[in-house]
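Novice: This is what each chain is made of:
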Amino acid sequence: MSQSASSPLVASLLDAPLPLSGIDWLDAARRESREAFAAEGLPDTRIEAWKYTALRALGQRRFAHVDAATKTPIVEAADFALPAIDGPRLVFVNGVLCRDLSSLDGLPAGLSLQPLSVALRDDAEALRFALSHRFRDLGDAFARINAASANDGLVLRVTAGSRIDTPVHLVFVGAATDVDLAWHVRNVIELGEASELTLVEHHVASGQPNHLATLVSDIELHERARLHHVIVQNAATSTNLIRRSSLRLRARAHAMLHVLELGGALVRHELQVELLGNDARIDTRGVFMPHGRQHIDTQLAIRHQALNTTSTSTWRGVASDRARGVFRGAIMVARGADGSDASLSNKNLLLSPAAEIDTKPELEIYADEVKAAHGATVGQLDERSLFYLRSRGIPLAEARALLTAAFCRAVLDDMANERLRDYLSGLMMANLPV
Amino acid sequence: MLKIENLHARVESREILKGLSLTVNAGEVHAIMGPNGAGKSTLGNVLCGRDGYEVTAGSVIYNGIDLLALEPEARAAAGVFLAFQYPVEIPGVNNTYFLRAALNAQRKARGEKDLDSMQFLKLVREKLKVMQISDELLHRAVNEGFSGGEKKRNEIFQMAVLEPQLAILDETDSGLDIDALKQVAQGVNTLRSPDRAFLMITHYQRLLDYVVPDFVHVLADGRIVESGDKSLALKLEEHGYAGIAGRHPAGAAA
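Top to bottom, those sequences are chains A and B. Each residue of the first sequence is one higher than the last, beginning at 1 in my numbering. Each residue of the second sequence is one higher than the last, beginning at 1 in my numbering.
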């Protein structure tokens with residue numbers, strides 16, 4: 001037992017009725033997840049994975065659930081427009097699919113994109129593996145409540161051999177409401193053999209909601225599939241966002257992730273990768289930039305479980321004001337996963353004396369022939385570089401911004417899609433602390 | 001153009017400059033020579049406003065303004081340039097981008113219009129030709145992975161683009177082989193003009209074979225102990241600083 005199972009937060013989340021699907025295995029899974037959540041409550045900082053992210057304050061909050069009486073606020077398409085990218089799009093507002101804002105006409109051949117509710121009606125059995133998963137770890141509270149309560153989300157599938165050229169845009173809008181809401185989204189994404197997809201997962205704000213949102217995404221790459229997954233997290237700084245992305249890669253599959261964490265009050269992203277097939281490869285890149293009193297926590301865990309698997313991870317953190325960043329980069333190379341090659345770098349910049357970043361690289365190796373390199377640093381802007389720029393006439397604030405942007409640049413360097421790279425880089429520049 | 005009077009400065013609690021006075025007029029090239037620890041680099045850093053150098057007495061008047069009251073970027077906009085002894089590598093900042101940002105920041109501070117990228121590139125091409133620098137350097141990050149010679153040439157190239165009125169060269173010759181030294185010297189000579197003054201801080205006489213100074217000053221123990229024309233440099237080469245310092249024991253009035 002960790003933090004009191006009867007905290008106001010836990011009690012309010014348990015007020016939400018269990019969604020009933022009429023599908024026996026699904027209803028059973030939801031019931032069990034709910035019971036586990038009720039029994040265990042929220043993790044406290046004695047649990048290693050939550051050591052640097054305290055839920056004390058959040059635990060005292062209450063959130064209403066979304067039901068038929070909840071009015072969905074009006075959201076403008078401009079809130080989430082991606083310049084120069086106009087393809088398939090699915091938009092959720094406070095966890096509820098918004099058909100008017102979505103664009104599902106003329107999907108390219110090989111791509112299927114459905115709301116979870118529809119996919120369950122059409123072929124529930126195909127989702128059984130993902131949706132009957134039981135979250136058993138200490139600290140899985142939010143995944144459990146998500147499994148119990150999420151009754152929408154999306155199911156995206158790419159058939160074997162299909163190459164989807166246009167990026168698919170998944171938008172999650174947190175929109176201000178009269179009452180503070182909790183909402184939950186469950187996504188299942190599957191790339192067939194040798195298929196290719198670019199996915200933009202986009203978290204945005206409409207107004208200043210004070211919500212608690214949870215998202216759980218299962219992403220499966222079959223043999224030789226290729227995924228470029230871009231996550232732009234620009235939620236309201238008043239809202240709480242807890243996400244878990246679980247990727248499973250089969251032989252020779254390749255996933256590349258670019259993550260930009262800008263918004264949110266308390267934000268946590270659990271990014272779990274399993275390299276299950278020989279020669280699978282994951283490249284993760286990310287920047288988190290908490291400012292004000294934001295708390296942004298990334299928990300990256302990569303498990304090498306097959307021969308000759310590769311992972312590279314490059315993450316940068318920039319914290320200013322009284323903000324807090326947390327990064328855990330755990331790499332595990334399982335027994336027998338010989339020829340694995342893992343590298344991880346997390347460099348962090350503190351721009352104010354009251355800012356804090358806690359970084360923790362972890363390496364667990366059980367195989368023999370392995371290459372592994374990891375490093376983490378926390379520092380400040382280099383005074384010599386600042387003086388050099390100023391001595392050439394660049395004002396202090398501009399010099400600081402220039403160096404901070406340069407510090408983060410490595411993360412976007414190998415992003416092949418130029419439009420997306422420009423968009424992310426522009427967004428990053430616009431959010432640089434001064 | 002520049003009038004330094006009775007300048008005292010310290011780093012941490014150690015007094016380095018102990019009453020330095022020097023006048024530099026437009027069009028002149030002054031060489032400041034002296035042994036290690038005499039305060040040569042401190043002088044350059046104080047003039048450019050580096051943190052950690054505290055001026056405790058004296059004044060520096062540049063074109064009628066109190067230079068020491070200005071932030072480093074304002075000094076640059078006013079036309080003061082320091083070629084660093086150890087140019088800083090700045091990964092992730094493109095050399096061209098940096099230089100354009102610097103030039104436009106200076107222009108803005110002076111109330112001039114920004115150069116657009118076409119105008120800027122044209123200017124850069126002209127200067128590259130004069131400096132005999134390959135434009136490959138422009139595409140790299142500022143000084144990143146540059147050889148010692150490339151770094152020093154990049155300093156001179158920046159100076160050519162920024163066109164300062166007062167250029168301070170802090171041991172620009174150190175660590176250069178003879179070919180690189182000649183290139184750097186040629187760059188400096190190209191930039192000599194009646195409106196521009198140079199303050200060349202150097203340890204050795206050899207740079208002065210290629211950039212012939214109008215005045216040579218010997219800096220010892222925080223002040224100028226002897227001034228003369230270029231022949232003074234040759235004398236130093238022959239007798240060493242010890243010979244000069246011996247005639248001006250520390251504490252004696254200049």
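Hints may contain errors.
[What the hints assert, rightly or not] Interface residues of chain A toward chain B, partial, derived using beta-carbon atoms under 10 angstroms:
id: 1; residue: Ile23
id: 2; residue: Asp27
id: 3; residue: Gly139
id: 4; residue: Ala376
id: 5; residue: Gln380
id: 6; residue: Arg384
id: 7; residue: Phe387
id: 8; residue: Arg390
id: 9; residue: Leu396
id: 10; residue: Phe407
[Stated by the list, open to error] What follows is a list of derived Cβ distance ranges for each label pair:
id: 11; chain 1: A; residue 1: Leu20; chain 2: B; residue 2: Tyr97; range: 42 to 48 angstroms
id: 12; chain 1: B; residue 1: Glu71; chain 2: A; residue 2: Leu363; range: 52 to 58 angstroms
id: 13; chain 1: B; residue 1: Arg125; chain 2: A; residue 2: Arg99; range: 54 to 60 angstroms
[To be verified] In silico negatives: residues of chain B with every beta carbon more than 10 angstroms from chain A:
id: 14; residue: Arg75
id: 15; residue: Thr96
id: 16; residue: Gln106
These are computed hints drawn from the structure, not numbers from a lab. Heads up, the beta-carbon is just placed ideally off N, CA and C, and yes, glycines get one too.
Novice: All hints are to be evaluated individually against the structure, with a verdict given for each.
Specialist: Hint check results:
no., hint, result
1, Ile23, "52 angstroms, violated"
2, Asp27, "53 angstroms, violated"
3, Gly139, "36 angstroms, violated"
4, Ala376, "18 angstroms, violated"
5, Gln380, "13 angstroms, violated"
6, Arg384, "5 angstroms, holds"
7, Phe387, "6 angstroms, holds"
8, Arg390, "4 angstroms, holds"
9, Leu396, "7 angstroms, holds"
10, Phe407, "6 angstroms, holds"
11, A:Leu20 <-> B:Tyr97: 42 to 48 angstroms, "59 angstroms, violated"
12, B:Glu71 <-> A:Leu363: 52 to 58 angstroms, "45 angstroms, violated"
13, B:Arg125 <-> A:Arg99: 54 to 60 angstroms, "56 angstroms, holds"
14, Arg75, "8 angstroms, violated"
15, Thr96, "13 angstroms, holds"
16, Gln106, "4 angstroms, violated"
In summary, the structure is inconsistent with hints 1, 2, 3, 4, 5, 11, 12, 14 and 16 from the numbered list given earlier, while agreeing with the others.
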